[in-house]
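Peer 1: Sequence:
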Amino acid sequence: MSSEVACQVVRKCFHGQIRRVCDGVGNHQNRATEAAGLLAEIALAKGSRDNTSVIVVELRGSVTTD
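Letter by letter, the sequence shown follows residues 821 to 886 in this note's numbering.
Please keep in mind that the hints were generated in silico from the structure rather than gathered at the bench.
Just so it is clear, CB atoms sit at the ideal spot from N, CA and C, and this is done for glycine as well.
Please note that the accuracy of each hint is not assured.
Said to hold, decoys possible - Only pairs whose alpha carbons sit at most 20 Å apart, straight line, appear in this in silico SDA-like list of lysine to any residue:
1) K832 <-> L858
2) K866 <-> Q828
3) K832 <-> G857
4) K832 <-> R869
5) K866 <-> S822
6) K832 <-> R880
7) K832 <-> V874
8) K866 <-> C827
9) K866 <-> G836
10) K866 <-> H835
11) K866 <-> V829
12) K832 <-> S822
13) K866 <-> I838
14) K832 <-> N871
15) K832 <-> M821
16) K832 <-> D870
17) K866 <-> S823
18) K866 <-> V825
19) K832 <-> L879
20) K866 <-> M821
21) K832 <-> E861
22) K832 <-> A863
23) K832 <-> V877
To be verified - Each pair of labels, with its calculated beta carbon distance range:
24) H835 <-> R869: 29 to 39 Å
25) R869 <-> G836: 13 to 23 Å
26) D870 <-> G836: 28 to 38 Å
27) V874 <-> Q837: 27 to 37 Å
28) R839 <-> A863: 17 to 27 Å
29) T872 <-> E824: 14 to 24 Å
30) A865 <-> E824: 28 to 38 Å
31) C827 <-> S868: 28 to 38 Å
32) V877 <-> M821: 27 to 37 Å
33) V825 <-> D870: 15 to 25 Å
34) R851 <-> S873: 13 to 23 Å
35) V874 <-> H835: 25 to 35 Å
Input sequences plus hints: build the corresponding full structure.
Peer 2: Shown next, in the form of structure tokens:
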């Protein structure tokens, strides 16, 4: 998949326009994790047969310290 398509998927995940559902149960993970999982699923659905790794990092957002 092109970088443009990958960015569109991530953007839509971050804006809550698409959500990934795992095992039939709504899974409220963080947005970057949801986007990475969805991108991996799309790659596999498109026939990727090689090792597939996806990393999504949310650069904007609140930073908390313990």
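Peer 1: Which of the stated hints cannot be reconciled with the structure, identified by number in ascending sequence?
Peer 2: 4, 9, 10, 14, 16, 25, 27, 30, 31, 32, 35
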